[in-house]
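Got two chains here, each in a separate frame; can you build the complex from them with the hints?
Quick note, the sequences are listed as chains X and A, same order.
The opening position of the first sequence corresponds to residue 1 in the working numbering, with each subsequent residue numbered one higher.
The opening position of the second sequence corresponds to residue 1 in the working numbering, with each subsequent residue numbered one higher.
Do not rely on the hints blindly, as some may be mistaken.
So the derived list for chain A, only partly shown, Cβ under 7 Å to chain X, looks like this [stated by the list, open to error]: (1) Ser126; (2) Asp388; (3) Ala389; (4) Arg396.
The hints are simulated quantities; they were obtained by calculation from the structure and are not laboratory data.
This structure is a prediction, so every number in the text was calculated from the model and none was measured.
Backbone N, C-alpha and C define an ideal beta-carbon position, used for all residues, glycine too.
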Amino acid sequence: MLSIKNLHATVHGKEILQGVYLEIGAGEVHAIMGPNGSGKSTLSYVLSGREGYEVTDGEIIYNGKNLLELEVHERAGEGIFLAFQYPVEIPGVSSMNFLRTSLNSVRRYRGEDEISAVDFLKLVRATAKSLEMDDKLLQRPVNVGFSGGEKKRNEVLQMSLLEPSLAVLDETDSGLDIDALKAVADGVNALRSPERSSLVITHYQRLLSYIVPDYVHVLAHGKIAASGDKSLALELEKNGYAMLGLEDTEAA
Amino acid sequence: MSLVQPLTDPVVKKYCDQFAAQGAQLPGAEHDGIKSIRERAQSALSREGLPTRRVESWKYTDLRNLHRAEFSSAPEASVTQADIAPFVIDHAFVAVFVDGRFVPTLSQLDELPEGLSFSSLADALSDKDLEAANGVGEIADVDQPGLAALNTMLMQDGGVCRVADNVSVEMPIQLVFVVTDNSATESHLRNFIVVGANSKATVMQSYVSLGASSSFCNVVTEADLGQGANLRSVILQDQSQTAWHIGLTSVRVSRDAHFDSFVLSAGGRLARNEIRIRLDGEGADCSLNGIALVRDRQHCDNTTDVDHAMSHCHSSQIYKNVLDDRAHTVFQGRVHVAPDAQKTDAHQMNRNLLLSRNAQADSKPELIIHADDVKCSHGATVGDLDQDALFYLQSRGIDAVTAQNMMVQAFVAELLETMPEDSIRSCLEARMSSWLENLTLIKEAA
Ligand SMILES: Nc1ncnc2c1ncn2[C@@H]1O[C@H](COP(=O)(O)OP(=O)(O)OP(=O)(O)O)[C@@H](O)[C@H]1O
Ligand SMILES: [Mg+2]
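This is chain A alone, in the form it adopts within the complex (with noise of 0.2 Å):
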């Protein structure tokens, strides 16, 4: 069923315009076997159009102001070393991309160890590397409609990071996308990570603006993990206030794989970061948490969607919100559990600290479970500052301000403590407080 008219609507024209016009120069238009993934993705942008608020998913995120802004993709920028050291973490391979771009001059990828490759999507699509790009497509579901249609008819760039079977890359590895302040842009973005049998790989995505315009990035990470393979995934979301961001993360999780995630979603007017899991061979296993930290009208959507498709699957999800001024969050939280899928063990949980009573925070947890023999949970809380214990801080001369920093912080600590990385750890910990930094003293109790 479809709950547009695409035909009609102007935005899905408009992007398919745009790859009429400018198909032949995106990545592997020469290769009929990309032609074909993007030819299919446009067919399902066309047939279901991008979501709206009548979308059951897309229920309290809503996207027509994004497709009202003009976007166009940037002239090349000229950046330096300096511009992007801030957002660079210590003891890592990185990888740099500026208003979606690959910038090998600036990025630090010497010396992979033996066992990692890594290439630019737009070098694996085009003849370069064609290897790498084996599989891409295949994880985020090409024929899936709306954004992530979207992002395949037009991937222009993105991580391509493969780790062989049996190895342990030991430093993370690390891709900065920097948006310019040039002008509006757009990109679309395609991650792909494969991480072979018995490997074990931290990547970090970290989103950030140099300036305040605005941009639109639209990204789509797919990974996919071998058996027992281990990845941790982390994504700094920390765009300028005026930018959109819609990220979807699509995971394959083999027998006895552990995938591990964590969110830090600060920036951006509007940003969407989707996660979905198949548990796809029995003992494997996801974790998957999220901070966002949001002010003024930002609007920060947690999107989750676990398919426990096999037996013995644990799954685990823990996000926290805190939310000043007149900011909304939206944590929804799907769970499937297949009829064949015994001994699940499923569990969620989304808690939201509102220091405005202006803030909103949404939470729909949805667990469709067709086994018997499982384990599910789900909650979801809203609260303010506990002001007993406010007092109780500041009643030991602490002033007012860095006690309820305190607390903030204590809210969302767990999250952060169990980062075993402690580049990664540091550097989410230095965006938390000076976040906080930023927060005026609460001027009425919510």
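Just chain X, with the same shape it has in the complex (with noise of 0.2 Å):
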């Protein structure tokens, strides 16, 4: 379903991805993992399409698609979802007005119905209550206000309402609690279907435990440096990223 290859991308001149090469089958959860500055929220910008991500070299093909001639949103449409590192407050956006603008887009971009109101509200709050988020944060504007576990939580929310094919999670297990964590991951496996896929970026094994990947990546120095099974989580978890000859952090 999503094929990248030799992919090299700069950020302000400087490159940052240098030829990654990735196969993501459907229903196929696949983990990155790397050191800090690797290039890994890099690579999630680049496949929502974010601009001063310049795509110098490669492809990705995304269900037969040419994933780079899209604009965001039309890529949102395709079914590809960001679940951001860092999620940004909108002042002044209502979080309502948000979700049901996004939801009735992306849903005219597929070609189905606008949801009404009523079902709108219905399905905001059901889903809401199934990530254990208190919907009174929905009264507020975007993000405005919410707490390093609230957004992410969030994050996670319209997600499951946009219900994507390849949902890209990026850090989203950083700086949640245990329960949080379990909402979190439930909310990502409730959208495991044979036809769904993830692409899930983070640091600890922890959501690794919650969100069993197919597949496990190392990204390092703007490329997959090694590639496993699940097993390479726990073992980079219990020696770090010197058994492949990296530093833990990259030098800028």
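This is the structure in structure tokens:
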């Protein structure tokens, strides 16, 4: 479903991704680990089409489409969802208006009818409840004044509403307490199906014991330095990146 | 000190000649009191001239093109109820003025409640309703120079609203000033609003155009709030993009009275919305808010001057501007705290959102504080749209234009949300939305 070949990308003229190859099949869960600054978030931004992240070589094919030719919102319509490492606060934009505009935009893109106000409200309430998220939070502007953990839950809420075919979770586990971690993992697992795939970026084995990956990759120096199954994550947890001959942090 | 040489200023001379020629036809010509007000204004104008950019409070707003333009007073235009309908708000008393003249047949002023009276300024100044004109010129000091003097010298019509003591007028009063497509017209409008002690009223002024012809609208609104009175003033300045609009609102706020002002300025090639407040009794309070939405080469100037003359008064100001293309906004906020005005609370904020790198926002706060036990603050920001937030919205499937509109709306939303009158709020929101609909995607990051 997702095929990344020889992907090179620069940010502000600096080459961050230096030839990434990654194949994700339908229904698979892939984890990406790697030292700070190795380019994990950069990869997630390139996938979602963020401005300023310039692809200088290589290709990304998603469900047969050249992803790099699509606008940011079109990629979301195609089913790509990025749970941000640092979700953005948007003062003045009400959460409910945002969620509804988002859901209806994606539905329109997919040729589906818009959701009615009543059904939308029911859907949001039910989804928030399943994530053990206080729906009072949604009376505030998007992410404004949310705690770190609440922001992450809000990402998962959006993911659950939009039902993406590829969910990219960028350190969604960081800053979460145990209960929140479980709730978030349950949210991700609830979406698992033979058609849906996930790319889980994380530093910790902990999350991967809840969301069990089919494959684990290590991104270092802008390339996939190692790949394996879930046992690779366990080994890295024990031995650190030194076992791959890598520093724990990338020199800039 | 005179900054121009008015006697040789051809523009001043033109207006004085106009007064000499038409003075006899202006309303109130037969009354010595009115005549003397006009003559005093004429001498202020002759003495001081019209403001140039050398005058401090006009530093950012240049009237030279206005002075070069030729205007005439308009011939009677035929305007129908259907022409006016789009500008009229629901559930309101409505007074319609066409090219600066009150048109009773287009107005809806039946069944005014007990304690509320309305008359046109022309009627009030002439014999018909002279009582109502009592006090005109007292609040916007007639000896004050410049465009206000020009207005006093030539004032032709406007709305005179009086609310007796202890009356709460629930329905808004809307004054609709329509400029037709007739010809380049000039109008000098004077509104006069008196709200008696412990009374309450809402007055909206809508300045709109039918068509695109250029016009010059010079308005002075005087408002007098009695003790404990409450007046909400809303101004929608939405004339065509060829229009000049110069407005001055002068307000006296008595003890424990509250003046609330909101100005949405979206029209005009050049617009100035000036507000002067005198907090004239302990516990007086004013809240001045405004939004300017400008594009192309529009120029919009919001200038405020709040005089904390007494202690325990409160003033707050929030002005937000959204600028596209080569538009220019000016915010000048002056707060003066008199030596005895202890426990003054005065806050001011001006925020500017630039959608184009060619737009320009000038902001000049000026706090003059002579008392020591006061809380005063001011602030100004200039910025473009938060790119991270735009990306966040787009990554959720929202297209770039919609995302941008949501962000612009968010920028100004807080100011509209607090408007209690539904009919006014929805009118302003509709104007806001139509402005956003015409917004193209930002081509380059500002
Ligand atoms: N806007 C930017 N300008 C300059 N450098 C950038 C920018 N964005 C990212 N980089 C650089 O690109 C490199 C990769 O950053 P990225 O955020 O992708 O790392 P990461 O693997 O997600 O790290 P972490 O584990 O800390 O989240 C870093 O060296 C970072 O400083
Ligand atoms: Mg990262």
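Hints versus structure:
1. With its C-beta approaching chain X no nearer than about 50 Å, A/Ser126 sits outside the 7 Å limit, and its interface hint is violated.
2. With its C-beta approaching chain X no nearer than about 5 Å, A/Asp388 sits inside the 7 Å limit, and its interface hint holds.
3. Against a cut-off of 7 Å between C-beta atoms, the interface hint on A/Ala389 holds, since the closest Cβ of chain X lies about 5 Å away.
4. A hinted interface residue such as A/Arg396 counts as satisfied when its beta carbon comes closer than 7 Å to some beta carbon of chain X; here the least separation is about 4 Å, so the hint holds.
The earlier numbered hint that this structure contradicts is number 1, and it is the only one.
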